Amino acid sequence: MLTDAQLANRLETMLAGIEVPAPPVGRLLAQASQRQVRLPSHAWTAARIAVAAAIIVGAVFSATPIVAPGIVQTVEARLARLLQWTPPPAAPRSVDSAMVSRAVSLREAQTLVRFPIVPPAGLPHDAVFVKLVATPTAVYSKPTHSWSIGASSLTFWYRRTHSREFGLLADIFEPRTGPPPKYIFDADEIGPNGLPKRHMNFAWRNGNQEMSIVQDANISAAEIEAIRIAMHGILLRPSATHAELNSGSIVKKYRVSP
Amino acid sequence: MPLHLDRDLIRTAQIEGGTALECVIGSVWAEGYRICASILRDRGLAEDAVQEACVAIVQGLPKLRDVGTFSAWSYKIIVNRAITTARRRRELQPLDALSTREVHFNSDDSLDLANALSALSAAQRGAIILHYYAGLTSREIAESTGLPRSTVRFHLMKARRCLRAALVDTRAHAQPTPSRREVYTDAN
Numbered sequence: 001m002l003t004d005a006q007l008a009n010r011l012e013t014m015l016a017g018i019e020v021p022a023p024p025v026g027r028l029l030a031q032a033s034q035r036q037v038r039l040p041s042h043a044w045t046a047a048r049i050a051v052a053a054a055i056i057v058g059a060v061f062s063a064t065p066i067v068a069p070g071i072v073q074t075v076e077a078r079l080a081r082l083l084q085w086t087p088p089p090a091a092p093r094s095v096d097s098a099m100v101s102r103a104v105s106l107r108e109a110q111t112l113v114r115f116p117i118v119p120p121a122g123l124p125h126d127a128v129f130v131k132l133v134a135t136p137t138a139v140y141s142k143p144t145h146s147w148s149i150g151a152s153s154l155t156f157w158y159r160r161t162h163s164r165e166f167g168l169l170a171d172i173f174e175p176r177t178g179p180p181p182k183y184i185f186d187a188d189e190i191g192p193n194g195l196p197k198r199h200m201n202f203a204w205r206n207g208n209q210e211m212s213i214v215q216d217a218n219i220s221a222a223e224i225e226a227i228r229i230a231m232h233g234i235l236l237r238p239s240a241t242h243a244e245l246n247s248g249s250i251v252k253k254y255r256v257s258p
Numbered sequence: 001m002p003l004h005l006d007r008d009l010i011r012t013a014q015i016e017g018g019t020a021l022e023c024v025i026g027s028v029w030a031e032g033y034r035i036c037a038s039i040l041r042d043r044g045l046a047e048d049a050v051q052e053a054c055v056a057i058v059q060g061l062p063k064l065r066d067v068g069t070f071s072a073w074s075y076k077i078i079v080n081r082a083i084t085t086a087r088r089r090r091e092l093q094p095l096d097a098l099s100t101r102e103v104h105f106n107s108d109d110s111l112d113l114a115n116a117l118s119a120l121s122a123a124q125r126g127a128i129i130l131h132y133y134a135g136l137t138s139r140e141i142a143e144s145t146g147l148p149r150s151t152v153r154f155h156l157m158k159a160r161r162c163l164r165a166a167l168v169d170t171r172a173h174a175q176p177t178p179s180r181r182e183v184y185t186d187a188n
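As they're listed, the protein sequences go chains D and U.
Numbering-wise, the first sequence is residues 1 to 258 according to this note's numbering.
Numbering-wise, the second sequence is residues 1 to 188 according to this note's numbering.
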C-alpha cells in the first residue's frame with residue numbers, strides 16, 4: 001500500500017527529474033509590463049477598425065473591447081477624415097446586440113452560411129486549431145440608409161507558441177461592398193501621431209467564400225501568403241484610391257472575438 | 001513546500017524589481033515548468049502555461065501583502081494556468097507533429113507515476129500536485145481553484161485511489177512472479 005508520504009516523495013522525484021528550459025526572463029518582464037489587464041495571448045481581442053471601400057470590414061469590435069467604444073468612435077472619425085472615407089451611421093443597439101458569437105462545428109457552420117466553406121490550409125507549423133466561431137454580421141444599405149442583421153460570418157481561431165493567436169475570417173463574397181480594405185487600424189495601439197497603428201489586411205476568394213486576415217505580431221505576411229497559396233485562393237486586390245474606399249452600396253460590420 | 005524563497009528577496013523584488021525579481025522569476029519558472037509539464041505532458045503547452053503564470057505572478061507581486069504566502073500563492077496561479085491550458089487543449093485538434101512534444105522522465109518510477117497521473121483529469125492532477133507537492137490543504141486548494149471543498153476532497157480521494165491502484169499494478173508487473181504453469185510444476 002502506497003502511503004501519503006511515499007506518494008509525495010515519488011511526486012517530488014518525478015518533478016525533479018523533468019528537464020527545464022532556460023527562463024526567458026527578458027520576454028516575461030516585457031510582457032508583464034505591457035498590460036496589466038489582459039494576457040498577451042488575447043491581442044486579437046483588441047478593438048480594431050478597418051477602413052475600407054465603404055466596408056467596415058473591420059469595424060471589428062471585440063465583445064469586451066479594451067478601448068472604450070467612445071474612444072473607438074473618435075478614432076474612427078479621425079481616420080475617416082484622414083482617409084476621406086464616409087463611414088455609415090452607428091448601428092442601432094438592437095443590431096449590435098444581435099451580433100452574438102458562438103462556437104460551432106464545421107457541419108453546423110455550413111448550415112449557417114450560403115457559401116461552401118473552404119477551411120484554411122497551409123497554416124504555420126505551430127498553429128493549433130482552437131475553435132470555429134459564427135457571428136451574425138450587421139449590414140448597412142446606402143440606398144435605404146438602414147441597418148439590418150446579415151448572415152453569419154465565420155472565424156477560424158488558431159493558437160500558436162508564445163501565447164500568440166490569430167483568426168481567419170470567412171464570409172460570403174459580396175461584390176456590393178467594393179474591394180477589401182488595404183489596412184486594418186488597431187484602436188488598441190495608438191501611435192505617437194494619435195492615430196491607431198495600421199496592419200496589412202489580406203483577402204482572397206475560394207468560390208463564393210471570401211477569407212481575410214490581418215498581418216501582425218501573431219502571423220506574418222509570408223505565413224498568410226502560404227495559407228492563401230495552399231488554399232488555392234484568388235487574391236482580392238485591395239482598395240487603392242479614395243473613390244474605391246467609398247465605392248460599394250453596402251457596408252458590413254463584423255464582430256470578431258476569440 | 002519545494003518553492004522556498006527568502007522573504008527579503010521577495011520584498012526586494014516587490015519594491016525594487018531588478019535582479020531580485022529576475023531571481024524570483026527564475027525560481028518560479030523552474031518550479032512552474034515542472035508542474036505544468038506533469039499536468040499537461042506537453043513541453044510546448046507547459047512553456048505557454050508557465051509563461052502566462054510567470055507574467056501573472058510578476059504583475060500581481062506588488063499587490064501581495066503577506067510575502068509569507070508567496071509560495072502557496074504562486075502554486076495556485078501555476079496550477080490554475082495549467083488546468084486552464086489543459087481545458088483549452090481538450091478543444092484543440094493537433095494539426096502537426098509539433099503538438100506532440102511529450103515530456104520525458106528520467107526513471108521508470110517517474111514514468112509510471114506520470115502515466116498513472118495522466119489517467120486523471122487535469123483538475124485531479126492539479127489537486128494532487130497542490131496537496132502532495134505544494135503542501136496545500138483541501139481548503140486552500142478549494143480557494144485557489146474555485147471548486148467546493150467537498151469536490152476537492154472527492155478529487156483527492158479518487159485521484160489517490162487511482163494512483164495507488166495504478167502504481168501497485170505497475171509494481172506488480174515490474175516484479176517477476178512465477179507463472180501459473182510454474183506454480184503447478186512446483187506443486188507437482
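To be clear, the hints were calculated from the coordinates, so they are not data collected in a lab.
This one's a predicted model, so the numbers in the text were calculated from it and none came from an experiment.
A hint or two may mislead.
To be verified - Beta-carbon label-pair distances, calculated as ranges: (1) 25(D) <-> 66(U): 36 to 42 Å; (2) 66(U) <-> 149(D): 51 to 57 Å; (3) 4(U) <-> 105(D): 44 to 50 Å; (4) 22(U) <-> 126(D): 58 to 64 Å.
Claimed, not checked - One-sided excerpt, in silico: chain U residues whose CB lies under 7 Å from chain D: (5) 23; (6) 29; (7) 33; (8) 38; (9) 58; (10) 59; (11) 60; (12) 66; (13) 67; (14) 73; (15) 108.
Every residue gets a Cβ at the ideal spot worked out from N, C-alpha and C, and that includes glycine.
Outcome of the hint check:
1. Judged by the Cβ atoms, the range 36 to 42 Å given for residue 25(D) and residue 66(U) is violated: they are separated by roughly 25 Å.
2. Take residue 66(U) and residue 149(D): their Cβ atoms lie about 52 Å apart, and the range 51 to 57 Å holds.
3. Evaluation of the 44 to 50 Å hint for residue 4(U) and residue 105(D) yields a pass: the beta carbon distance comes to about 48 Å.
4. In this structure the supplied range 58 to 64 Å is violated for residue 22(U) paired with residue 126(D), their Cβ-Cβ distance being about 27 Å.
5. Evaluation of the residue 23(U) hint against chain D yields a violated restraint, the C-beta minimum of about 10 Å exceeding 7 Å.
6. With its C-beta approaching chain D no nearer than about 4 Å, residue 29(U) sits inside the 7 Å limit, and its interface hint holds.
7. The interface hint given for residue 33(U) is met, as the beta carbon of that residue sits about 5 Å from the closest beta carbon of chain D, less than 7 Å.
8. Nearest Cβ of chain D to the Cβ of residue 38(U): about 6 Å, under the 7 Å cut. The hint holds.
9. The criterion of a C-beta within 7 Å of any C-beta in chain D is met by residue 58(U), whose closest approach is roughly 4 Å, and the hint holds.
10. Below 7 Å, beta-carbon pairs count as interface contacts, and residue 59(U) has one with chain D at about 5 Å; its hint therefore holds.
11. The criterion of a C-beta within 7 Å of any C-beta in chain D is not met by residue 60(U), whose closest approach is roughly 9 Å, and the hint is violated.
12. Because the closest C-beta pair between residue 66(U) and chain D is about 21 Å apart, greater than 7 Å, the hint is violated.
13. Here the hint on residue 67(U) is broken, as its CB sits about 18 Å from the closest CB of chain D, past 7 Å.
14. The beta carbon of residue 73(U) is not positioned within 7 Å of any beta carbon in chain D (closest approach about 16 Å), and the interface hint is therefore violated.
15. Checking residue 108(U) against chain D by beta carbon gives a least distance of about 11 Å; that is not within 7 Å, so the hint is violated.
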